[in-house]
Amino acid sequence: DEQKKEYLPKTTSGKSIMGFALTEPTAGSDPASMQTKFEEKGGNFILKGKKHWVGNGTFAKLITTFAKDSEGKISAFLVDTDSKGFKAKEMKNKMGLLTVKNAEITLDDCVVPKKNLLGPRGRGLSVAFSALIDGRLSVAAGAVGVMKDCLAESISYSKSRKQHGTELAKKQLIQEHISKIAVNIESSRWLVYRAAFARQKMYNFVEKFKEKTNQWQSMLDRNNKQYSSLRAEADNFTSIAKFHASNSAFDSANRAVQIFGSEGYKKTTRVAKHFLDSRAIIIYEGANEVLELKIAAHLLGDKYRAY
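For the sequence shown, the residue numbers in the numbering used here are -9 to 297.
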């Protein structure tokens, strides 16, 4: 509650921007193998390590960061970017997502006050996975927006562009591209709705649980079967939605570029930007190959988990 009072007014108003630092040079889809360490010293936590691909990392005022203790247990921290030992460097040479300032963060004995521990100590992965449920849902919803713009651009261009004496829109092969983009949109949209419903059920349960006890964080673990079931459902449907919508967005952008022909190969066109940007969402917030494994594990059971 104290953290909410201190940080939420600034972050929700936009006065203070946040970032999320989980990925490392050698730990992406497997966050449990992270190398960033922390120790408790002199009433503070001291963090040491590196994080990659931190969105907003060059200008964020507060970054949710994850680190391991000497026993290998992961905790989450709210790190003020003005803290001693914190350094951020913008990552260059990206092929897309050029408006996002991704950063490489170095934590060189970075000092974090005890009050900035986020959630119970040793429960950092739980914090991360909860954030990733929301993150995958956001990516899937954003992908629908990308596809809608690809469709609008494709319709407009195909009606105005003439080839062999007639508009592109009258060509059957162009119509095939346009219809498949529309199918991608609707199939992804309904998966986003389904995932959002599952996510909301989980959060409604958490809110009711909070009313019963102040120790809700420590009690909402795998021993609570109802919460575990709701969380597994939300995790599964957000994985399905993100997997399908991100693949569909890249496919739709690719089709839009094809409709534009040589014009679509110019970086100045909206469809080219969507093509480059949508390639990234197949990778981040859970690489799609890993999400396939997660979806299969949910259906087959933990005994068959392949990651």
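The set of hints was computed from the structure by calculation and includes no laboratory data. Any given hint could be a false lead.
Simulated DEER-style distance windows between Cβ atoms [unchecked claim]:
#1 Ser150 to Lys257: 27 to 35 Å
#2 Gly112 to Tyr193: 47 to 55 Å
#3 Gly251 to Gly75: 50 to 58 Å
#4 Glu(-4) to Phe199: 20 to 28 Å
#5 Gly291 to Lys5: 42 to 50 Å
#6 Lys138 to Leu88: 45 to 53 Å
#7 Tyr193 to Lys256: 41 to 49 Å
Here are the simulated DSS-like pairs of lysine-lysine, each with C-alpha atoms no more than 25 Å apart in a straight line [unchecked claim]:
#8 Lys170 to Lys152
#9 Lys215 to Lys198
#10 Lys38 to Lys82
#11 Lys293 to Lys63
#12 Lys149 to Lys38
#13 Lys215 to Lys256
#14 Lys149 to Lys160
This one's a predicted model, so the numbers in the text were calculated from it and none came from an experiment. Yeah, the Cβ is synthetic: ideal placement off N, Cα and C, and Gly gets one too.
Hint check, failures only: Violated: hints 1, 2, 6, 12, 13.
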